[in-house]
Amino acid sequence: MAGAPLAEHAPAAGHDEGHHDVRPVRKTAMWVFLGSECVFFGAMISTFLLYRSNTNGGIGSEIFDIPFTSASSFVLLMSSLTMVLAHGAYYGGDLRQARVWLAATALLGTTFLAGQIFEFSEFIHQGLTLTSSPFGSAFYMLTGFHGAHVAVGVLLLGSMFLLSLGGRLYDDRGLNVELVGLYWHFVDIVWIVIFTVVYLLQQP
Amino acid sequence: MALMADTQRTLSPGPRGVWGWLTTVDHKRIGLLYAVTAALFFFIGGVEALLVRMQLFQPNGEVLSSDAYNQLFTMHGLTMVFLVIMPIAAAFTNYFLPILVGARDVAFPRLNAFSYWLFLFSGLLVYSSFLVGGAPDGAWVGYAPLSTQLEEVVRMDFWTVGLQLLGVASIASSANFIATVFTMRAPGMTMLRMPVFVWMALVVAFLLIFSLPAVGIGLFQLFIDRNFGGLFYAAEAGADPLLWQHLFWVFGHPEVYVLILPAMGIVSEVLPVFSRKPLFGYPFIVFSGAAIGFIGFGVWSHHMFTSGMGPIAEAGFGVATMIIAVPTGVKIFNWIGTTWGGRIRFSTPMLFSLGFIAMFVIGGLSGVTHSVIPADTQQHDTYYVVAHFHYVLFGGAVFGYVAGVYYWFPKWTGRLLDESLGKLHFWLALIGFNLTFGPMHILGLNGQPRRTYRYGENLGWDFWNQIATIGAFIILVSFLVFAWNIISSHFLRRGRPAGRDPWDGRTLEWTIESPPPVHNFDEVPQVHALDEFWHRKYAEDDEGRAVRMPDVTGGAVTVETDSGGDGDAHGDIHMPSPSYYPALASAGLVTMGAGFVYLPWGWLAVGVGAVISMWAFFGWSLEPITREH
Amino acid sequence: MAERAHPTPGMYWLIAAVLAVITAAEIAVPQISAFDGAPRVLLLIGLGALKFGAVVAFFMHLRFDKPLYRNLFLVGLFGAIPIFTVVLLTFTAF
Amino acid sequence: MRRRVRRGRCVYPACALALLGVILAGCSGSGPQSSLEPAGPSARDIDGLWRLVLVLATIVFVIVAAGMVVAMVRFRERPGDTREPKQLHGNTALEITWTIIPAVLLAIIAVPTLQQHFELRDEPDGPRLDVTVIGHQWWWEFTYPGLTDAEGAPLTTANELHLPAGQPVYLTMTSVDVIHSFWVPPLNGKRDVVPGRVTNLKLEADASVPSEDFGFGPGVILGQCAEFCGLAHADMRLRVFVHSPADFDAWVERQLAPAAEPTGTGPIATGYQTFELVCTACHQARVAGSGGVERLGQGVTVDVDGESFDAALAPDLTHFGSRTTFGGASFDATRDHLARWLANPSDLKPMAPERNDIAAGRILGMPNLGLTTDEIDGLVELLESWQ
Ligand code: HEA
Ligand code: HEA
Ligand code: CUA
Ligand SMILES: [Cu+2]
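Here the protein sequences line up with chains A, B, C and D, keeping their order.
Residue numbers 1 to 204, in this note's numbering, belong to the letters of the first sequence in order.
Residue numbers 1 to 629, in this note's numbering, belong to the letters of the second sequence in order.
Residue numbers 1 to 94, in this note's numbering, belong to the letters of the third sequence in order.
Residue numbers 1 to 387, in this note's numbering, belong to the letters of the fourth sequence in order.
Think of the hints as simulated: they come from the structure by calculation, not from any bench.
Among the hints, a few may not be true.
[To be verified] Label-pair restraints from in silico Cβ distances:
no., chain 1, residue 1, chain 2, residue 2, range
1, B, Met614, A, Thr131, 21 to 31 angstroms
2, B, Trp603, D, Arg128, 29 to 39 angstroms
3, D, Thr99, A, Thr131, 30 to 40 angstroms
[What the hints assert, rightly or not] On the chain B side, residues computed to face chain C include the following (Cβ under 7 angstroms):
no., residue
4, His246
5, Ala313
6, Trp484
7, Ile487
Virtual Cβ for every residue (Gly too), placed ideally from N, Cα, C.
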């Protein structure tokens, strides 16, 4: 009968009685969110590029302390390693080890933030502020928003750590840790871009 | 009160009372909340438009001061775009997207509730500005440095903060819809068996996800300039005000397709039903919708043809803009192809859909005249543009959503809207609409700029302005008829009971009761074809004509096991339990927003709001998702 | 199970080592005057992209996970890059 | 049932009516500020292009409308109609056709569009008159850098732009506050006036400006600021006066001469005292007195993209008496209006002088200066005498 063409295979998800596997659902949403964040940071990075030499007669990119920033970039880069190790440990069922890596990641993140706070206060001291030039505005907004992302990540990692003490994270095979991990790595790759575009490329 | 209680029963089952609505996570109830809120804001935005029209009725009008006028047209544009069309589209998407893909709810029901409350509270926050010294008055596009210059008053802060929060709400609900479509479809519901409406909702979700962050950054920059002395748009410090226009329109142009695509989806559902034919060229309609979304990201600077970009950039954007007409035309022609050879019933949803096509084509063609760059240097910022976008937004989007209301109202409430009143509504709206916005083409070409609160004598504009104002009041009457139709059908219970399938529909929503049970489907449907329900009802004869099968509900259809429709009969279905955390979280965020408007002492509210929303987010993430019925 | 096998911790350490080496190279490039001008810019962008790709592909498992995720992310990324490139070009090139 | 059918059929008359409106617009343009009545080559080119596009768009609309009408009439449900339609799913040949035909039409539109576009954006070659335009909230400042007086100061005026007919004019524009847009529809499309940027526009007025007299006098064309710029955006208008070359030269000569300092006593002298005391805080004037030509008041200099522009804080009043309008060309320069303006400017025009900061060069309108009627009378006399 022409009216009822049948094709018997179902799409991947959604099988029984509303019990969906939450894994792909939540990971899909997380990846969509990260895609969206690309535009978010893209807008700030373009603003910075537009104003990179608009120093209003004041301080410009010569103020950057490349060795210092390289060190803190490295710290953040390595926190991605500890993060992925934490997730791997969860996934493999080693809750104790996972907890250690989580703590390490949070610690590295905090170190990075501390470095940024130091850098900001140093710059402000030397006269580069949010209000000194379009360059300053763009610089602080971009790195500041990135810092805020790191701070949120540290907060999430801290919560994960506390929850893991009560063993509450285990039953979903570390899905929450995986999601936080995705976010954390994203924050890291944004910094990879910032480090290149804002710091390295602006060197004389 | 009895009326209210009754409403809650027939509109959507579930926990009763205000608390029930406040804590609901049911996508259908959230959809209805969006719809009702959008209707209220439509009334408010309409009244603002009428005041604008009264002021412009004659030269040197004295109904409004310049200051009041600027607030009203800004709030009119902002309201209609962000508080009417986007939420009414969200209403349909929330209510029907899960049902149309055969799901029991969206992927994240509580996030969904959060989006709604955040939208509502942000809308109220923006409107509260009227009570405290004036509403935003820098136009809905808020061009810098005018928007950063208005620094003594907090008006434009309401705008930056309000739009920012509305953007967060939209991003959350878009991620939700995307996850729903990709992971929650019923078995057999392949991507190319999804109804066009679902496709368009998906495209819209992507448009929002990828465009809102751009304007979000722009809004942060404006906010920093206004409140912390930032220099993003300070020309005297060497900054470039055009940056804002780019960031705004990188969002703003995809946004106009956000407004129209769901309406196109609705029309694509209505036309086949009332022509008794499948949608002509389904894959082409789907693909062109996606193409419109895609190309829509590459044309934003056509709003800046006179802004002083270089001629090469202008040329590029002009040509890119023209290209959009091609996929849009594909849709139009396929819609006509759908009606061709059908058996057309002119019920109200169909009338509005046909009206949509005709009016949208006029608006689309005037859009093409904008893409002719030299011509646009005359048309830009005149009433000709105002005519263009009301043709696509009112004659297009609003007509489309109204068609959707007439079409799906029976599913929402179990009762049909009255056809005679519906037709009266249609004709009054069509006539009033053309009288209002048709003349604006002439006014614009004759030199009347937009956003001007008064004009002089002897400019040749008096007559057409009067016609436009009269037309606006005819539109008012037509929508009063509409409102009465809704009241009388649902609240006074005069509407004809609809049953499950009043229109001889084609898609899954018509297989279930009206209004649907909380869990939508007693048994998750197995899908075999596009227009699944139609194929369960009809076979085709040798000539390809539809032949009704003897057993209407027959075959492998949803088994109708329910007797009373109460949840207890389905002890094994887990629905997410109500939660007040979403509403609380958004209240916290909006409290923070309100604080940001009133810096520096608003920091207090920022702190309080932050604590509230943190509390809510933690409670939310620790609360178990489902509770057994 | 929704996704293919994860890489092993050993793999993660290896990737991290590679990342560290690339970072060192990045810091070195501006010091070498032979690369001044366009080569330096291209090198730095290339090295940054390598790091970016490594983290995304391995630490974020995008290489091993569902193609859907990759597509969602890449749409955002490769959508944003040309758009903002054009935005910047309108200020300078044309 | 029958009534339904009839209704279905008349969707079209209504739509056709709307279209008629658009077409009417194409032919029935009139007014001193209309883009449909070009008075210069640029505007004429644009108008021609627009008419071409209008015709093509009309054809497209008629085709779509015809398709809809035929479908609606032929395939409407008739009483007792039970036939079931053929279940057509699509037709690839058709799809290709209606993809290609619009694409071809658009290409036909694109070619002249781009041609015209680049032509219109070219600088005029050959001799031209240069004018600097500076946008202010909410008035226009026009300077002719090539036309200078004995001291080398260029001719400056406000809101009323005088041009010789038949000569290419090139505008160089910037703004001191927010974005404005310079627009004189009969001469050319608009171009935004952006702070921190320099934009250009070329104009050329026909020898004979539309004969129709709209009550604004011969040779007068109206324009207006087209970018929303705040409170008095609606009242930021301008006028263009097109002269024969000889008349233009005469006008230039008069404008380059300084105004006369009043002598003796009487209202006009009181007015002059007030002027020197109060008004020169913002306004400028070149006055010839006993000690030679004196420049009263001062302006500001703005640097934009490496170019330097001398801008005023408020309209130069040296030849105020020769202007037919004031306050953003929104008010006829009658004594009555002028007196009302001096008594309380915001009574005529919505402005925000309470936010002025003269020292910082930020002016958002003329404040109420609390002048006495005597002072006002004197000032009116004075300004009217400065022809
Ligand atoms: C629903 C919203 C919506 C939609 C769908 C559109 C659709 C289009 N718009 Fe519109 N537009 C707005 C809402 C919308 N617009 C708004 C709100 C503004 C003003 C914002 C502000 O400044 O406040 C605006 C402004 C605007 C401008 C800037 C004008 C100016 O300020 O100077 C331009 C310029 O190019 C433009 C172009 C177009 C084009 C080419 C389309 C196309 O997508 C139209 C395509 C459709 C058709 C062409 C008809 C059907 C096609 C056929 C029948 C095929 C055959 C056709 C041909 C061969 C031509 N629009
Ligand atoms: C979807 C969007 C939308 C809609 C529907 C409308 C509807 C209307 N608009 Fe809209 N308008 C905009 C979007 C919209 N507008 C935008 C974006 C701008 C630009 C703003 C800017 O420049 O910044 C604008 C600007 C704008 C201007 C230009 C102002 C200026 O530049 O100075 C004018 C002037 O006439 C105008 C008039 C109208 C009129 C008369 C209506 C009428 O059609 C309204 C009729 C509606 C009613 C009278 C309400 C009736 C409702 C009820 C009775 C309740 C019904 C109950 C239920 C639904 C159940 N609008
Ligand atoms: Cu200046 Cu509008
Ligand atoms: Cu657009």
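Quick rundown of the hints versus the structure:
1. Met614(B) to Thr131(A): 21 to 31 angstroms: 30 angstroms, holds
2. Trp603(B) to Arg128(D): 29 to 39 angstroms: 57 angstroms Cβ-Cβ, so the 29 to 39 angstroms window is violated.
3. Thr99(D) to Thr131(A): 30 to 40 angstroms: 53 angstroms, violated
4. His246: 5 angstroms, holds
5. Ala313: 5 angstroms, holds
6. Trp484: 45 angstroms, violated
7. Ile487: 44 angstroms, violated
Of the numbered hints stated above, those contradicted by the structure are hints 2, 3, 6, 7, listed in ascending order.
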